[in-house]
Amino acid sequence: DVKVTQSSRYLVKRTGEKVFLECVQDMDHENMFWYRQDPGLGLRLIYFSYDVKMKEKGDIPEGYSVSREKKERFSLILESASTNQTSMYLCAMSGLNTEAFFGQGTRLTVV
Amino acid sequence: DQQVKQNSPSLSVQEGRISILNCDYTNSMFDYFLWYKKYPAEGPTFLISISSIKDKNEDGRFTVFLNKSAKHLSLHIVPSQPGDSAVYFCAARWNTGNQFYFGTGTSLTVIP
Numbered sequence: 152d153v154k155v156t157q158s159s160r161y162l163v164k165r166t167g168e169k170v171f172l173e174c175v176q177d178m179d180h181e182n183m184f185w186y187r188q189d190p191g192l193g194l195r196l197i198y199f200s201y202d203v204k205m206k207e208k209g210d211i212p213e214g215y216s217v218s219r220e221k222k223e224r225f226s227l228i229l230e231s232a233s234t235n236q237t238s239m240y241l242c243a244m245s246g247l248n249t250e251a252f253f254g255q256g257t258r259l260t261v262v
Numbered sequence: 005d006q007q008v009k010q011n012s013p014s015l016s017v018q019e020g021r022i023s024i025l026n027c028d029y030t031n032s033m034f035d036y037f038l039w040y041k042k043y044p045a046e047g048p049t050f051l052i053s054i055s056s057i058k059d060k061n062e063d064g065r066f067t068v069f070l071n072k073s074a075k076h077l078s079l080h081i082v083p084s085q086p087g088d089s090a091v092y093f094c095a096a097r098w099n100t101g102n103q104f105y106f107g108t109g110t111s112l113t114v115i116p
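Here the protein sequences line up with chains A and B, keeping their order. In this text, residue positions in the first sequence follow my numbering: the first is 152, and each later residue adds one. In this text, residue positions in the second sequence follow my numbering: the first is 5, and each later residue adds one.
These aren't lab readings, by the way, just hints derived from the structure by calculation. You may find that some hints are simply not true.
Label-pair restraints from in silico Cβ distances [said to hold, decoys possible]:
1) B/Glu19 <-> A/Lys208: 16 to 22 Å
2) B/Ser56 <-> A/Glu230: 38 to 44 Å
3) A/Thr260 <-> B/Asn71: 27 to 33 Å
4) A/Arg165 <-> B/Met33: 42 to 48 Å
5) A/Thr234 <-> B/Asp5: 22 to 28 Å
6) B/Ile115 <-> A/Ile211: 45 to 51 Å
7) A/Tyr161 <-> B/Ser14: 23 to 29 Å
8) A/Asp179 <-> B/Asn61: 32 to 38 Å
Yeah, the Cβ is synthetic: ideal placement off N, Cα and C, and Gly gets one too.
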């Protein structure tokens, strides 16, 4: 059974804090993604990575950075959290010709 | 610019009837299309996919139809069940690309 595990289901952080969201996959797949989901806006891609230490900006990278030091782990970093980053964050991974598999999501609230 | 569009934010259907969810895309390079289902507070789960070399793919109660000339795909659920109530996302990718492009989702409610 494919597993994408996000470190937290729910997080509450203060404005200005540095926030780390961790994601681990167990399939040795190349591609990993971070999305955020907001009502009416669907899934918007923040960053993706197609290999260790490689990253590409998605549609909404501003205010975020990522790290992929090991193949199985892809971290999303909010450098200085703001209230407009309150959202559901979804990590996903895929192989070369496979569908994307998602984690359970992290509901982040910035107060 | 949204390359994958779901123009119906919501849909209500009676239990036992057919649900039809629609999706349009603009990029003719897309050749792999997927549907995902999402419950609140959970991650999306893969439902069904179709390659551009086909025009139909079936899996149990779920069928996806692809009309390449119209750049349109649809998901049919027959018969609809209350447990099908969820948000459905359409997605697309091209063969040499890594990235998936998602629509904005359609919230399906199946009324018992």
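| Between A/Thr234 and B/Asp5, is the Cβ distance one that fits in 22 to 28 Å? | holds, 27 Å
| task | Determine whether the Cβ-Cβ distance between A/Tyr161 and B/Ser14 falls within the hinted range of 23 to 29 Å. | result | At roughly 26 Å between Cβ atoms, B/Ser14 and A/Tyr161 fall inside 23 to 29 Å, so the hint holds.
| Is the hinted range of 45 to 51 Å satisfied by the C-beta distance from B/Ile115 to A/Ile211? | Taking Cβ atoms as reference, B/Ile115 and A/Ile211 lie about 35 Å apart, which means the hint is violated.
| request: Hint says 32 to 38 Å; check whether the CB-CB distance for A/Asp179 and B/Asn61 agrees. | output: violated, 27 Å
| task | Given the hint of 38 to 44 Å, check if B/Ser56 and A/Glu230 actually sit that far apart at their C-beta atoms. | result | holds, 40 Å
| Whether the CB-CB distance between B/Glu19 and A/Lys208 falls inside 16 to 22 Å | With a Cβ separation near 44 Å, B/Glu19 and A/Lys208 fall outside 16 to 22 Å, so the hint is violated.
| field | A/Thr260 paired with B/Asn71, Cβ distance criterion 27 to 33 Å | value | Distance hint for A/Thr260, B/Asn71 is violated at roughly 42 Å.
| field | Outcome of range test on Cβ distance (A/Arg165, B/Met33; 42 to 48 Å) | value | holds, 43 Å
When each numbered hint is compared with the structure, violations occur for hints 1, 3, 6, 8.
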